[in-house]
Amino acid sequence: MAIRAVRWGWSRTGWQRLALILLWLGHGVWVLLGPNPGRHWTSLADAMSRPSQSLASRWETWRASRREAARDLAETRAENARLSAELARLRTQAAQEAPRWTEADTAVRLLGLKQQIPLDLKAARVIFSTRPATFGGLILDRGQDLGLVPDQGVLVPEGIVGRLWSVSGTQSKVLPADAPNASVAVMLMRSRAMGVLQGLGSGRTLIRYVSNQEVVQVGEAVLTSGLDRVFPRGLLVGYVAEVAQGDLELRVIVNLSAPLDRLSAVLLLPPQPPLEVQPPFVAPDQKPPRKRVTP
Amino acid sequence: MRIPAPSATRQNLLCAAALGLIVLSAPFPRFQAIPHVMLVLALAPRPGAPLVGALWALVAGWTLEGSLRLYPHLGGTAWADLSMTLLAGWMAGRWPLEGLKGWLARLASLSLLHGLLVHGAVRLATAPHPWGWGWFWALVSAPLWGWFAWRLLHAGAGSGRR
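Listed in order, the protein sequences are those of chains A and B. Numbering of the first sequence is given in the numbering used here, commencing with residue 1149 and proceeding in unit increments. Numbering of the second sequence is given in the numbering used here, commencing with residue 7 and proceeding in unit increments.
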């Protein structure tokens, strides 16, 4: 079998066909590219770079948001520091003004009580307290200069405090109602039973001379009876804390309602006040007349 | 009976003459389409030697585009001419001519296809544009220029009715 030698290379027809194909394809590409061939490259480059542009845009957005957040954080910290300083300043100011506010509040409450009691009440400030000591009391900043005399009743909006024990030129001493040597004529609010209040110390008192026949409940209010001519009738003294049967009389323990340890200002009743004080007239609430409804 | 192919010299001369006619008829675009289509579909195709015909077709397309001022000069016509000349040459080699009627029918169908391809290629190269009337006149006058091209190409080879 004879082996024919293969001729390498292109024939004339092959070259012509190749030239035709290239001619046709080249012209076709030229037609497809159109009037502005660069726009195809531009659009291709745009399409190719779209992912990287998207990534770059997201990266820049993230950086901007982080920069914004950092600036917000710095501003917030500065604002926080400024507000902290402002808060500290206001707290200091509030602490400085707290006594004045308390005093003003007390003055307002005393003024309210003064308007409710139609007597010539005088106000004084408590400048010292010797209550922890035996037979101690309260020292007021007013004395004879205000026309004060011993045995004037002393009270605050929460209740009675005691009576004036001694009066000097510019100061006076108050004998608190819970002092062992103090006594106040009182009556129980519900049973209207009368007695004499004697101090036990530490805001506790005992009512003497209440019969065993009386019915006294714990929590019952205790009022002044006015018989001692120091306090008029009807001022709040305190509330019954304990009731125990004694041999001849009830043992009634009363907690004073006035905070004797925290007083800063008091009102002073006039000496020998009237037994009964008519409270200022207060018009009762006008209730609308009930209409009769026909069913 | 097969019709013998014309000589290359005669064919090239006829193509040159048709090309000159295209240039000269540029002021009359509707008439210009006729020599253009005749050159592309009838004179340039040559079975067995497509390269020369393709070059003539390209020249004809670029000449037509260059001779018209309001025509897009982007090669769409030349590319369509090239494609149609190659197709016509391939058809001439695949289905050899046997008479005038077949020749005219083939020219009419190729003329219609040529009009569509030229419009599509120009549209592809530029943008949507209005149709002209050259394709219509070329198609209507296909028997006339087909017969004329037949006579020019095969003048020495008989009438074809033998």
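Among the hints, a few may not be true.
[Stated by the list, open to error] Just a few of them, taken from the derived set where beta-carbon distance is under 8 Å, the chain A residues facing chain B:
(1) 1164
(2) 1167
(3) 1170
(4) 1172
(5) 1175
(6) 1185
(7) 1186
(8) 1337
[Unchecked claim] One-sided and incomplete, this derived list gives chain A residues near chain B with beta-carbon spacing under 10 Å:
(9) 1161
(10) 1168
(11) 1171
(12) 1178
(13) 1180
(14) 1181
(15) 1183
(16) 1187
(17) 1284
(18) 1287
(19) 1291
[Claimed, not checked] What the simulated footprint calls covered on chain B by chain A, stretch by stretch (three residues with Cβ under 8 Å from a Cβ of chain A suffice, anywhere in the stretch; the number is not a length):
(20) 53 to 60
(21) 82 to 93
(22) 126 to 134
In case anyone wonders, no lab produced these hints; they're calculated from the structure. Computed from a prediction, not measured in an experiment: that's the story for all the values here. The C-beta atom is built at its ideal place from N, Cα and C for all residues, glycine as well.
A quick look at each hint next to the structure:
| no. | hint | result |
| --- | --- | --- |
| 1 | 1164 | 5 Å, holds |
| 2 | 1167 | 6 Å, holds |
| 3 | 1170 | 11 Å, violated |
| 4 | 1172 | 6 Å, holds |
| 5 | 1175 | 4 Å, holds |
| 6 | 1185 | 10 Å, violated |
| 7 | 1186 | 14 Å, violated |
| 8 | 1337 | 108 Å, violated |
| 9 | 1161 | 9 Å, holds |
| 10 | 1168 | 6 Å, holds |
| 11 | 1171 | 6 Å, holds |
| 12 | 1178 | 5 Å, holds |
| 13 | 1180 | 6 Å, holds |
| 14 | 1181 | 8 Å, holds |
| 15 | 1183 | 6 Å, holds |
| 16 | 1187 | 13 Å, violated |
| 17 | 1284 | 113 Å, violated |
| 18 | 1287 | 110 Å, violated |
| 19 | 1291 | 114 Å, violated |
| 20 | 53 to 60 | holds (count 4) |
| 21 | 82 to 93 | holds (count 6) |
| 22 | 126 to 134 | holds (count 4) |
Hints 3, 6, 7, 8, 16, 17, 18, 19, counting from the list given before, are not met by this structure.
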